[in-house]
Each structure stands twice: as structure tokens, then as C-alpha cells.
Amino acid sequence: DGGITQSPKYLFRKEGQNVTLSCEQNLNHDAMYWYRQDPGQGLRLIYYSQIVNDFQKGDIAEGYSVSREKKESFPLTVTSAQKNPTAFYLCASTKVGRGVYNEQFFGPGTRLTVL
Amino acid sequence: AQKVTQAQTEISVVEKEDVTLDCVYETRDTTYYLFWYKQPPSGELVFLIRRNSFDEQNEISGRYSWNFQKSTSSFNFTITASQVVDSAVYFCALSRNNFNKFYFGSGTKLNVKP
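Quick mapping for you: the protein sequence lines, in order, are chains D and V.
Heads up: the first sequence begins at 1 in this note's numbering, then just goes up one per residue.
Heads up: the second sequence begins at 1 in this note's numbering, then just goes up one per residue.
If you are wondering where the hints come from, they were derived from the structure by calculation, not from laboratory data.
Since the structure is predicted, the reported quantities are computational estimates derived from the model, not experimental observations.
There may be inaccurate statements among the hints.
[Claimed, not checked] Quick list of simulated restraints, FRET-style, between CB atoms:
(1) 108(D) x 84(V): 16 to 24 Å
(2) 24(V) x 60(D): 20 to 28 Å
(3) 5(V) x 14(D): 35 to 43 Å
(4) 67(V) x 63(D): 34 to 42 Å
(5) 95(D) x 22(V): 27 to 35 Å
(6) 18(V) x 108(D): 27 to 35 Å
(7) 56(D) x 56(V): 27 to 35 Å
(8) 41(D) x 69(V): 21 to 29 Å
Cβ atoms here follow ideal geometry from the backbone N, Cα and C, with glycine treated the same way.
Please work from the sequences and hints to get the whole structure.
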């Protein structure tokens with residue numbers, strides 16, 4: 001079955017530690033995205049990538065880093081520079097191109113808690 | 001600039017009532033796309049519908065219907081005869097023609113009580 005997988009589902013981190021959240025898709029989608037969602041809030045864009053080896057900052061990129069070495073994978077690293085990283089993180093992907101229906105498909109999310 | 005506003009933060013209804021979720025958007029583009037997503041308590045966003053700016057036809061899918069009006073920049077979502085399983089957070093979103101970024105509203109939490 002095609003889809004987006006995120007791991008782990010729950011992640012606990014001590015202050016000062018970097019952690020990496022995994023996002024993998026087998027939908028052959030070109031673009032991938034990372035969002036952060038705080039309780040009772042909407043989605044805020046962290047980073048996005050439209051092609052391999054290229055990515056752009058979103059609205060809240062400070063304290064985060066990404067890589068896009070493979071089309072299928074877009075891992076997100078939450079660094080110790082992120083002041084308040086406790087949140088729900090969602091990965092999404094979409095096809096790119098004119099005439100193509102480009103809705104974003106989402107993974108199940110990773111809930112990160114800093115202890 | 002692109003912006004999506006969902007003014008209703010939370011709505012509570014009793015099962016079988018009809019409910020409309022409002023979405024108002026801002027864009028200067030002539031070509032754009034609008035979306036609705038459902039986020040159940042599990043957290044994963046589920047795609048419900050897309051609409052492009054050239055298609056103002058309303059759409060009905062079972063108990064769900066969508067009313068797109070360019071004149072008022074609105075893309076409202078109605079659930080007829082609501083059910084407890086409809087309880088979720090619903091997000092409206094806008095994307096530009098290049099699909100680089102999606103702009104999400106802040107979401108409306110719908111509580112359907114038995």
C-alpha cells in the first residue's frame with residue numbers, strides 16, 4: 001500500500017539533545033513538507049522540498065534542519081537550538097506539475113515531548 | 001499574500017443536526033486551489049476535497065457538501081445529519097498555482113454529541 005510513514009510515533013527527548021524524525025513516502029511524490037502543530041493550533045510550515053538535494057525554509061525553520069538525499073525520504077532534525085520543541089510533527093507529500101491534482105497527503109505524525 | 005481564516009474555533013452540535021464550517025481566503029492570484037482536511041483524534045490529516053478557482057460548482061458527497069463562492073472568497077463545508085464520528089478538527093487550506101506552499105487555516109474543532 002502506498003503512503004507516508006513517520007517514526008517514531010512518540011519521542012521523548014532531554015533538553016539539549018538533538019533528535020531526528022523520520023518521514024518516508026512510497027507515493028513517488030516530488031515534494032515533501034514538515035509541519036509543526038501545537039495543542040489547539042493550526043499547522044505551521046517548518047521546511048519543504050520540491051526536488052532531491054534542495055529544500056526551502058518555511059515559516060518557523062529556526063532550530064530545525066532537514067535533508068533530502070533521496071526522493072522517498074525527508075528526515076527532520078530538531079536541534080537543541082529549538083527553544084520549545086514539544087509539539088506534534090506532521091510530514092506531508094504531494095505531486096508537482098500542472099494539470100495534476102496536488103493535494104497534500106499526510107503521515108500519522110510524531111509526538112515529541114521534551115523532558 | 002495568501003491567508004486562510006476559519007473564524008469558528010470550536011462548534012458543538014447534537015447528533016443529526018446540520019453544521020456549516022466557514023472558510024474565508026485571501027489571495028490575489030487568479031489561479032489557486034482550495035482544500036478541506038479532517039483531523040480525527042488520532043492526528044493524521046485526511047484529505048476531503050479540492051477545488052480549483054475556475055470551478056465554482058458546489059459539490060455533494062454523501063452527507064458532505066461544499067459551497068465555493070469567489071464573490072465572497074469563501075469555501076464553506078456543510079455536514080448534514082451530523083454523526084459522532086464527524087467529531088474532529090477540520091482545516092481549510094489554499095495553495096497557489098505552483099503548489100510550493102499550502103496555507104492552512106487555524107482549524108475548527110467540531111464536537112458532535114450523541
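Which numbered conditions among the earlier hints are violated in the structure presented, ordered from lowest to highest? Of the numbered hints given earlier, the structure breaks none, since each of them holds.
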